[in-house]
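Trainee: Chain by chain, the residues:
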Amino acid sequence: MGFNIYDFTEMTHNMHLWFLERMSPAMTTVVEWTIIGVCYLLFIALFGLFLVYAERKVCAAFQQRLGPTRVGYWGLLQTIADFLKLLMKELIMPKSADKFLYNLAPFIVMIATFMAIAVLPFGKGLQTMDFDIGIFYVTAVSSIGVIGILIAGWSSNNKYSLIGAMRSGAQILSYELSVSLSLVTMIIFAGTMQLSGIVEGQRDAWFLFKGHIPALIAFVIFLIAGTAETNRGPFDLAEAESELTAGFHTEYSGIKFAFFFLAEYINMFIVAAMATTVFLGGWMPLHFGSLESFNHVMDFIPPLVWFFIKVCGVIFLIMWFKWTFPRLRVDQILTLEWKYLLPINLINILLMCLVVLTKFHL
Amino acid sequence: MNAIFEYFGTIFKGVKTLLTGMKITGKYVFTPWKHVTQQYPENRETLKMFDRYRGEVIMPHNENNEHLCTGCGICELNCPNGSIEIISKMVVSEDGKKKRAIDQHIYHLGMCTFCNLCVKACPTGAIVMGQNFEHAVWDRSKLTKVLNQPGSKIAQGVKE
Amino acid sequence: MSELKEIIISSDKIHTDQYLVNMGPQHPSTHGVLRLLVQLEGEIVHHIQPHVGYIHSGIEKMCEAISYPQIIHLTDRMDYLSAHMNNEAVALCVENALQVEVPDRVKYIRTIMDELSRLASHQLWWCVMGMDLGALTTFFYGLRDREHILDIFEETCGARLTVNYNVPGGLMFDIHPNFQKRVKDFLKEFKKKLPEYDQLLSDNVIFRERTNNIGYLSLEDAISWGVTGPSGRGSGFSCDVRKHEPYSAYPLVQFQEKLDTKGDSFTRYKLRIDEMWESIRIIEQLIDNIPEGDYAVKMKGVIKLPEGEFYQRVETARGEFGVYIISDGKKNPYRVKFRSPGFSNLFALNKMAAGHKIADLVAIMSTLDLVIPDIDR
Amino acid sequence: MILSDMTKEELQAYLTGEFPDAAVSVGKQYVEMVVKAEDLHAASQKLKSSPELSFDYLICLTGVDYPEKMQIVYHLESTLHRHVVVMKCDTADRNEPKIDTVSDIWRTAKYHEREVYDLLGVIFNNHSDLRRLFLEDGWGFPLRKDYKDEVRIVER
Chain A
1 MGFNIYDFTE MTHNMHLWFL ERMSPAMTTV VEWTIIGVCY LLFIALFGLF
51 LVYAERKVCA AFQQRLGPTR VGYWGLLQTI ADFLKLLMKE LIMPKSADKF
101 LYNLAPFIVM IATFMAIAVL PFGKGLQTMD FDIGIFYVTA VSSIGVIGIL
151 IAGWSSNNKY SLIGAMRSGA QILSYELSVS LSLVTMIIFA GTMQLSGIVE
201 GQRDAWFLFK GHIPALIAFV IFLIAGTAET NRGPFDLAEA ESELTAGFHT
251 EYSGIKFAFF FLAEYINMFI VAAMATTVFL GGWMPLHFGS LESFNHVMDF
301 IPPLVWFFIK VCGVIFLIMW FKWTFPRLRV DQILTLEWKY LLPINLINIL
351 LMCLVVLTKF HL
Chain B
1 MNAIFEYFGT IFKGVKTLLT GMKITGKYVF TPWKHVTQQY PENRETLKMF
51 DRYRGEVIMP HNENNEHLCT GCGICELNCP NGSIEIISKM VVSEDGKKKR
101 AIDQHIYHLG MCTFCNLCVK ACPTGAIVMG QNFEHAVWDR SKLTKVLNQP
151 GSKIAQGVKE
Chain C
1 MSELKEIIIS SDKIHTDQYL VNMGPQHPST HGVLRLLVQL EGEIVHHIQP
51 HVGYIHSGIE KMCEAISYPQ IIHLTDRMDY LSAHMNNEAV ALCVENALQV
101 EVPDRVKYIR TIMDELSRLA SHQLWWCVMG MDLGALTTFF YGLRDREHIL
151 DIFEETCGAR LTVNYNVPGG LMFDIHPNFQ KRVKDFLKEF KKKLPEYDQL
201 LSDNVIFRER TNNIGYLSLE DAISWGVTGP SGRGSGFSCD VRKHEPYSAY
251 PLVQFQEKLD TKGDSFTRYK LRIDEMWESI RIIEQLIDNI PEGDYAVKMK
301 GVIKLPEGEF YQRVETARGE FGVYIISDGK KNPYRVKFRS PGFSNLFALN
351 KMAAGHKIAD LVAIMSTLDL VIPDIDR
Chain D
1 MILSDMTKEE LQAYLTGEFP DAAVSVGKQY VEMVVKAEDL HAASQKLKSS
51 PELSFDYLIC LTGVDYPEKM QIVYHLESTL HRHVVVMKCD TADRNEPKID
101 TVSDIWRTAK YHEREVYDLL GVIFNNHSDL RRLFLEDGWG FPLRKDYKDE
151 VRIVER
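Respectively, the protein sequence lines represent chains A, B, C and D. Residue 1 is where the first sequence starts when you use this note's numbering, and the numbers rise one by one after that. Residue 1 is where the second sequence starts when you use this note's numbering, and the numbers rise one by one after that. Residue 1 is where the third sequence starts when you use this note's numbering, and the numbers rise one by one after that. Residue 1 is where the fourth sequence starts when you use this note's numbering, and the numbers rise one by one after that.
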C-alpha cells in the first residue's frame with residue numbers, strides 16, 4: 001500500500017482491493033462505509049472544536065483581547081472542556097414542547113450537515129462520493145438543515161424560538177437562490193457539475209482568476225449568500241441575541257444545543273469548502289502561468305494542506321464579516337436578496353455566458 | 001437610466017462603507033497584537049492600585065502597636081450604612097483621670113459602600129482607605145472586622 | 001390582475017392574533033432588569049408596556065433618614081454612568097440653599113469631571129448600541145477607550161464608578177498631580193479613536209439602514225413626554241440645562257448645544273457622537289486653566305439646610321436630572337425627589353417604537369440610552 | 001441665571017392677573033403658585049395653552065406628605081419663553097388624597113402620577129391607567145411619613 005500525500009487515488013484503491021481480498025463484496029462495502037462514517041464523525045467533531053477555538057481567538061484578535069488562555073496551553077483545550085461541559089449538562093425540555101419534534105430537530109440539522117460534507121473533495125482521490133451532479137447535490141442537501149431549524153423553533157413552544165425559526169426559514173429559502181445561481185454561473189464556466197471535474201478544470205489557474213469579472217462577482221455573492229445560509233455574521237437573525245435571546249435554540253440545552261452549535265460551524269466549513277472548490281481551485285496549488293520555479297515550489301505543498309489553507313482563509317473572511325458588521329433587519333435581509341443579489345446574479349449569468357461564448361478568459 | 005445609476009451607486013457606496021468598517025477591524029488584527037485586557041490573577045505581582053483607591057477602611061498602626069483613634073464615634077455618625085460600630089471603654093489615664101478610649105472599632109465590610117465619608121470626617125486621621133480589593137471570603141462573618149489590633153493603644157499626643 | 005387583487009384583499013381577512021412577548025427582566029438588550037410587555041403581530045410591534053421596579057431601591061425614602069453628604073453617595077447608585085453629575089446636583093442644591101459660593105477651582109474641576117463622565121457614558125452607550133445591533137466588536141472598542149477615563153477617575157476620586165467626589169462645598173479631594181497630564185493624553189488619544197467610531201458604525205450602510213427613519217419622535221411629543229438629553233434634542237427640543245440654567249463653569253466655556261429636528265434613531269445616535277466632540281472641546285478649554293485655590297469651602301460638621309424648598313437641575317449624559325429637596329431645618333431633608341431623565345425617556349418608547357419591527361425596538365431602546373437604576377431609583 | 005423672556009416679578013404679576021384664585025409668590029429660585037385642588041386641571045390647561053405662558057414641559061412631578069395634607073408639586077418650564085413656575089396643589093384629605101390628573105395635558109405626567117400613587121397613595125381622578133408602578137399590590141405607601149416596615153427598614 002503506497003502512501004502518496006499528493007494523490008490518494010492509488011491508496012484508496014489499494015485499500016479497497018485489500019478489503020476485497022479478505023471478505024465478500026457486500027461485507028467490504030459495509031466495512032468501508034463504517035470506516036468512512038467514523039472518519040467523518042471524527043473530522044466533524046475535531047474540526048468543529050477547532051473552528052470554535054479559532055472563532056474565539058479570531059474574535060479576540062479583532063477585539064484586542066487574548067481569548068481563552070486558561071485551559072491548556074493558550075487555551076487549546078478550552079473547547080474540549082466546553083464540549084465535556086455540554087455533554088454533562090442536564091437536558092431540559094419545556095413542559096409543553098412537542099417532544100418528538102423537539103428531539104428530532106437537532107438530528108435533522110446534523111444529518112443535513114453530514115450529507116453535504118460527503119461529496120467535498122479534500123484532495124485528489126480523497127472524496128467519498130463523486131457524483132456527476134455534485135454541486136446540485138450539495139445545494140439540495142444543505143437546504144435540508146432549515147427544516148431542522150423550523151422544527152426546533154416550532155416545537156420549543158416559545159415565542160422567541162418561533163420568531164427565530166420563521167426568520168431563518170424566510171432567510172435560508174431566499175438565499176438558497178443566490179447560492180445556487182452563483183454556483184450555476186460557475187457551472188456554466190466549468191462545463192461540469194462534478195466536483196472533481198471542477199477542481200481538475202482549475203489545474204492551470206483558479207476559476208476566480210480564470211473567469212475574472214463574472215467569477216469575482218459570483219464569488220462575492222456566494223460568500224454573502226453562504227454567510228446568510230449558515231445563519232452567521234450580519235445575517236444571524238435566527239439567533240439575534242439582542243432581540244430574541246437565542247432564537248430557535250433558546251430552549252435547547254446540553255448536547256442538543258451542542259448539535260446546533262456544531263452544525264453551525266460545520267456549515268460554515270461547508271460553505272468555505274464549496275467556495276474553495278468552485279472558485280479557489282479546491283486542493284490545487286496556486287499556479288501563475290509562466291513562473292515555472294514558483295509553480296514547482298507550490299506543487300511541493302500537499303493538496304490537503306492547500307485545501308485547508310484556502311478553507312481557513314475563507315472562514316477567516318466570514319468571521320471578519322461577523323465581527324465587523326451590525327445585524328440586518330428581517331425585511332432588509334430579504335431586500336438585499338431580492339432587490340440586489342438576485343438581479344445582479346442573473347445579469348452575471350448572462351455575462352458569464354458571454355465570456356464563455358467569446359472565450360474571453362484565461 | 002438614472003435609476004440604474006442610482007441602483008449601482010447605492011451598491012458601491014454601501015460596499016465602500018462596509019469595506020471601511022472591515023479596514024478598521026482588520027487594522028487591529030493585522031497590526032502587532034496589542035491586547036487591552038489584563039491577565040488578572042497572573043499580574044497580581046505587578047498590579048498596583050492608585051493611592052487613593054478605596055478598597056477598604058483600615059486603621060494604620062505604628063511599630064509600637066499604637067493607633068490614632070480616640071473612639072470619638074464621628075465616623076460612626078458619618079457612615080451612611082451603619083457599617084462602623086464603635087465600642088468604647090473607660091480607661092484611667094496616668095494622671096488619674098477617667099477617659100474614654102476605643103475598645104473595638106468594628107467595621108462591617110459587607111455593608112460598606114466605600115464612600116470615604118468616615119475617613120474625611122475623622123478628626124485625628126486614624127482611619128484611612130486601604131488599597132486591597134480582594135475581599136472575597138467563604139464566610140460572611142469574616143467580613144466583620146475589628147480595625148484596632150488586639151492590645152493596641154492610642155498613640156501619645158493625640159488630642160481628643 | 002384581478003385575481004391577484006382578490007388574493008391580497010382576502011389575505012387581509014385572515015384572522016391573525018396579536019400575541020404578547022415579555023422582553024425581560026432577563027433579556028440581553030434591556031440593559032438591566034427592565035421588563036417590556038410587547039404586543040406583537042408577527043414581527044411588528046403594536047404596543048409596549050414598560051414594567052419597571054425590579055431594582056427599585058427606595059433611595060428617596062432612604063434620603064429622608066440620612067444627612068446631605070450621605071445623600072450624595074446614594075446618588076452614585078442611581079445613574080451610575082453619570083455619577084459625577086448626580087453628585088454635583090445634590091452638592092449644588094445644598095450649596096445654593098446655604099448660599100455658599102464655591103471657589104473657581106472647584107467649578108472648573110467639577111465641569112471637567114462632568115464632561116469626562118459624559119464622555120465615558122457616551123462611550124459605553126456607543127458600544128452597547130453597536131452590540132444591540134449585532135456589531136459585537138464595537139463593545140470592546142468603546143470599553144477600551146472608556147477604561148482611560150475610569151483610570152483618571154480612579155486616580156483622582158478613588159473609585160471608578162461610584163465616585164462620590166463632590167461634597168457640599170467642594171470636592172472630596174484635590175485633583176491628583178497627574179490629573180491634567182492624564183486627561184490631555186487621553187484626549188489626544190481619543191481624538192484619534194473617535195473618527196474610528198464613525199467609520200466602524202455611523203457610516204456603515206447596514207447601521208444607517210437600521211436607524212434612518214426609525215423611531216420617529218416629534219418635537220411636540222418629545223416635550224410632552226419630557227424626553228430630554230440627546231434623545232430629546234434629536235427631536236429639536238432644546239433642553240440642555242448647561243445652556244439654559246448654566247451651573248459650575250459652564251457659563252465660562254464655549255460650546256454648542258447640538259440640535260437636530262429629524263427625530264429618528266440615527267439623529268439621536270449622531271447627536272451623542274457630536275456631544276462627545278463638544279465634551280472634548282469643553283475639557284480642552286478648561287484643563288489648562290484650572291485656577292489655583294482651595295478644593296473645598298470649610299463647611300460645618302453637621303450641615304443643616306434652612307427651611308424651604310430647593311430645586312437643582314443639571315444635565316447628565318441621559319438628560320435633565322433634577323434634585324428637589326424640601327427641608328424642615330433639620331440635618332435630614334424632609335423630602336427628596338430625584339427627577340431622573342431615564343424615567344421620562346423610557347415611557348416615550350411606546351410612542352417611538354409602535355409600528356416598527358421587534359429588531360427596531362431594540363435599536364430605539366438603545367438610542368434612548370437607558371440606565372435602569374436611574375429609572376427605578 | 002435663568003434666561004427667560006419675563007423676569008420673575010413680571011411672571012408673578014402676570015400669573016396673579018391670570019389666576020386670581022391662586023397664591024403666586026416669588027420664591028428663592030422660581031415663581032411659585034399654589035392652586036386649589038378643584039382649579040388644578042383648568043389652571044394646568046391654561047398654563048399650557050396660553051401663548052404668553054405656554055408651560056409645555058413638565059419637568060418634575062412630586063408628591064409630598066405633610067402632616068395634614070398631601071401636596072403635589074409640579075415643576076413646569078416653557079420651552080418657548082424659558083421661564084419656570086412651580087405649581088403646588090394641596091389635597092383636602094391627607095389619608096385618602098384625591099386630585100385631578102394632568103396626564104392629558106402633559107403626557108409624561110401619566111407615569112409620574114403613577115409613581116406618586118405608588119409611593120404616596122395619591123389617587124388621581126380620571127387617570128387612564130392608575131396602577132402601581134414599582135411595588136407590588138398591597139405593599140403600602142412607603143413615602144408616607146407614617147409608613148412602618150419593621151422587616152426592611154432598620155432605624156439607627
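Misleading hints may appear alongside valid ones.
Unchecked claim - Which residues of chain A face chain B? A partial, calculated answer using Cβ under 7 Å:
no., residue
1, Lys57
2, Ala61
3, Phe62
4, Val356
5, Thr358
6, His361
Hints are computed from structural coordinates only; laboratory data are not their basis. Quick reminder that beta carbons are idealized off the backbone N, C-alpha and C, glycines included.
Trainee: It remains to establish, for every hint, whether it holds in the given structure.
Mentor: Hints, verified against the model:
no. : hint   : in the structure
1   : Lys57  : 11 Å, violated
2   : Ala61  : 5 Å, holds
3   : Phe62  : 5 Å, holds
4   : Val356 : 24 Å, violated
5   : Thr358 : 23 Å, violated
6   : His361 : 24 Å, violated
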